[in-house]
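Using the hints, position chain B against chain A.
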Amino acid sequence: MTSPLEQKKIRIAGPSMVTANRTWDGVVIYRTAQRGWSVSLSDAAIVRTSDEARALLAESVADDVGAVGAYIAPVEVEDGGKIKPGNLREHIRSEGVTIDLPEPA
Amino acid sequence: MYAYDELDRTLINERVEEFRDQVKRRLSGELTEDEFKILRLQNGVYLQLHAYMFRVAIPYGTLSSKQLRRLAHVARRYDRGYGHFTTRQNIQFNWIKLAELPDALSDLAEVGIHAMQTSGNNTRNVTSDQWAGVAPDEVEDPRIWSELLRQYTTLHPEFSFLPRKFKFAITASEHDRAAIKVHDIGLRLHKNAEGETGFEVLVGGGLGRTPFIAKTIKPFLAGRDLLSYVEAILRVYNQYGRRDNIYKARIKILVHELGIEKFAQEVEDEWLQMRDSALTLDDAVVEDIRSRFSYPVYEKLPQMPEELRKAAHDPHFEAWRKNSVAPHKAPGYAIVTLSLKPVGGPPGDATADQMDAIADLADKYSFGEIRVGHEQNLALPHVARRDLPALWRALDKIGVATPNVNLVSDIIACPGLDYCSLANARSIPIAQELTRRFANHDTANLIGRLHVNISGCINACGHHHVGHIGILGVEKNGEEFYQITIGGRADENAVVGTLIGPAVPYGEVADVVEDIVEAYLALRARPDELFVDTVKRLGVEPFRERVYATR
Chain A
1 MTSPLEQKKI RIAGPSMVTA NRTWDGVVIY RTAQRGWSVS LSDAAIVRTS
51 DEARALLAES VADDVGAVGA YIAPVEVEDG GKIKPGNLRE HIRSEGVTID
101 LPEPA
Chain B
1 MYAYDELDRT LINERVEEFR DQVKRRLSGE LTEDEFKILR LQNGVYLQLH
51 AYMFRVAIPY GTLSSKQLRR LAHVARRYDR GYGHFTTRQN IQFNWIKLAE
101 LPDALSDLAE VGIHAMQTSG NNTRNVTSDQ WAGVAPDEVE DPRIWSELLR
151 QYTTLHPEFS FLPRKFKFAI TASEHDRAAI KVHDIGLRLH KNAEGETGFE
201 VLVGGGLGRT PFIAKTIKPF LAGRDLLSYV EAILRVYNQY GRRDNIYKAR
251 IKILVHELGI EKFAQEVEDE WLQMRDSALT LDDAVVEDIR SRFSYPVYEK
301 LPQMPEELRK AAHDPHFEAW RKNSVAPHKA PGYAIVTLSL KPVGGPPGDA
351 TADQMDAIAD LADKYSFGEI RVGHEQNLAL PHVARRDLPA LWRALDKIGV
401 ATPNVNLVSD IIACPGLDYC SLANARSIPI AQELTRRFAN HDTANLIGRL
451 HVNISGCINA CGHHHVGHIG ILGVEKNGEE FYQITIGGRA DENAVVGTLI
501 GPAVPYGEVA DVVEDIVEAY LALRARPDEL FVDTVKRLGV EPFRERVYAT
551 R
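Here the protein sequences come in this chain order: A and B.
Residue numbers for the first sequence, in our numbering: 1 to 105.
Residue numbers for the second sequence, in our numbering: 1 to 551.
In short, the hints are calculated from the structure, not lab data.
Every residue gets a Cβ at the ideal spot worked out from N, C-alpha and C, and that includes glycine.
Some hints could be false.
[What the hints assert, rightly or not] Label-pair distances were calculated between CB atoms; the ranges are:
id : chain 1 : residue 1 : chain 2 : residue 2 : range
1  : A       : Gly66     : B       : Glu140    : 34 to 40 Å
2  : A       : Glu103    : B       : Asn13     : 51 to 57 Å
3  : B       : Lys329    : A       : Lys84     : 43 to 49 Å
4  : A       : Glu103    : B       : Glu299    : 37 to 43 Å
5  : B       : Arg77     : A       : Lys84     : 31 to 37 Å
6  : B       : Arg77     : A       : Val39     : 21 to 27 Å
7  : A       : Ala62     : B       : Arg77     : 31 to 37 Å
8  : A       : Glu103    : B       : Asp288    : 42 to 48 Å
9  : B       : Arg275    : A       : Ala62     : 50 to 56 Å
10 : A       : Thr98     : B       : Glu541    : 32 to 38 Å
Extracted from the complex, chain A is given alone in its bound form (with noise of 0.2 Å):
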């Protein structure tokens, strides 16, 4: 998956989200549409021009203090509004790695 760091025109093809990592821990959160940030990507905001996905974007990383390298990604919403992630990387931000973690002894 191309990299988002490299993200420079904001152009979008599709639904689309923005998302980032909360400062004090890392952890993957998505930003809602009550402008705040949620850890789960059913709350994300969902932004289908170009023109909101920027200023989505623009107010996201107007918060440097909560989140860190807030991008763009693609999503896929599903005819009963379900968000699923719109490519492997973003899946794999969703759903954690695709391999067995060790067990906790």
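Chain B alone, transformed into the frame defined by chain A:
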């Protein structure tokens, strides 16, 4: 082991407190992320997909049992109970919280471990042969010089804001286990015709987007001139290295663009101005560092003790001994490699429990010392040969005695897209599948020495360019694809591998590797012709035909 003096301890402790203050100011909003990023990177803290990643230095790959226990403690207390040993003698923790990092660093500092300059555009952890000090064929212990460079380059203002990261590696043996030819500066200790010990200096090696094998810039450099010469190289790099384009900023590009002769002349001109300066090392300085390394007092022991003779009847023990036990400079002793490549496991990972158990075994069998190699395995450097059977049983119990060292399932792999924010594709699941395909030890043994290296992106942390079989993850239309190269090697005959054809999808990588291995078995001139030698003799064409004939 090297014992830190008061200056080292003070430096590390002050660094922890400095970083604690920086983290506090970041969390309060006093520092922006832009301001903080360079500070965290200089302390080994990256931001990855799921969390912060914390990279801790293990200078020249030497650890005490006490230090390994402390790494286990950090894994358990601040992370998720495991760590990942890298290709540059570091350990990475994948789930660390920024708010807890200063405490983790403080705990590590108590045992002389730090994370300074494990990231950022500065001189990185100085790496060396994991068998340093015990390899029978080495000229002298390369860690003396590694430590000297570590002290000299740590927080050196002129080397702290280089055009790009800068990596040293040092070896002192004929067989290069430190991969010096793929480092920015590679140093090979050897003796000249007069019998004096000094360095062959190589420069401009590196992998990543544009791989280059390092070139010799000085065939023999006296030890007393090491610092002045290295500084001259870095000054030329600092002056001419590109800062406008991150992809062209490494010294390898400068050496390539100037040409080695012109680059060497620039370094020589710079060096002549400073070679007899305060940087000239006198014997006392070198001896002081040498004196701070402690070495075990070995017993006089038989080379073939009764315990070993008896154990030789056990085929499982013998399978392990043949590829995990290496000759030692002291009679009656051996170097034992601990495989961190179990069948189905992520390469280079060790759990906190394993680390604690290995530390205990190091105390019992290896004078409390552990080594970390760039192949992402560990080693116990001072094991009495009579103890090998007992040690093997104990290692097997904790899952680090897979008899696959240097075989096809001893895979080097980066964390890939499962963890890394730069990755295009996953590395670990590919490695896991390959270890399952080649789990049969007899088959792996029949294949012989074969290094598979996997990188999840062009940055090449898995050193895929120099794998006998190299696998590079790329993205095509949102899907994971993998380019396969063959014929690379990272040793004294280092060479970049050759691409065999179009990239293959994720689900076909293991099949392709099996095809390549089957082709090799059919094509090799004799059973002891290594895979890389067959590729060198025949080229890639027969392998390409085999792989793509049905694809």
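Verification of the supplied hints:
Remark: the range hint 34 to 40 Å for A/Gly66 to B/Glu140 is contradicted by a beta-carbon distance near 54 Å. Judged by the Cβ atoms, the range 51 to 57 Å given for A/Glu103 and B/Asn13 is violated: they are separated by roughly 35 Å. Evaluation of the 43 to 49 Å hint for B/Lys329 and A/Lys84 yields a failure: the beta carbon distance comes to about 59 Å. About 40 Å separates the C-beta atoms of A/Glu103 and B/Glu299, a value consistent with the hinted range of 37 to 43 Å.
At roughly 35 Å, the beta carbons of B/Arg77 and A/Lys84 sit within the given window of 31 to 37 Å. A hinted range of 21 to 27 Å for the beta carbons of B/Arg77 and A/Val39 is consistent with their spacing of about 23 Å. Here the CB-CB span from A/Ala62 to B/Arg77 is close to 34 Å, well matched to the stated 31 to 37 Å. For the pair A/Glu103 and B/Asp288, the beta carbons lie near 47 Å from each other, so the given range of 42 to 48 Å is met.
Range check, B/Arg275 to A/Ala62: Cβ separation about 54 Å, and the 50 to 56 Å hint holds. Distance hint check for A/Thr98 and B/Glu541: the Cβ-Cβ separation is about 35 Å, which falls inside the suggested range of 32 to 38 Å.
The structure fails hints 1, 2, 3 (numbered hints given earlier, in ascending order).
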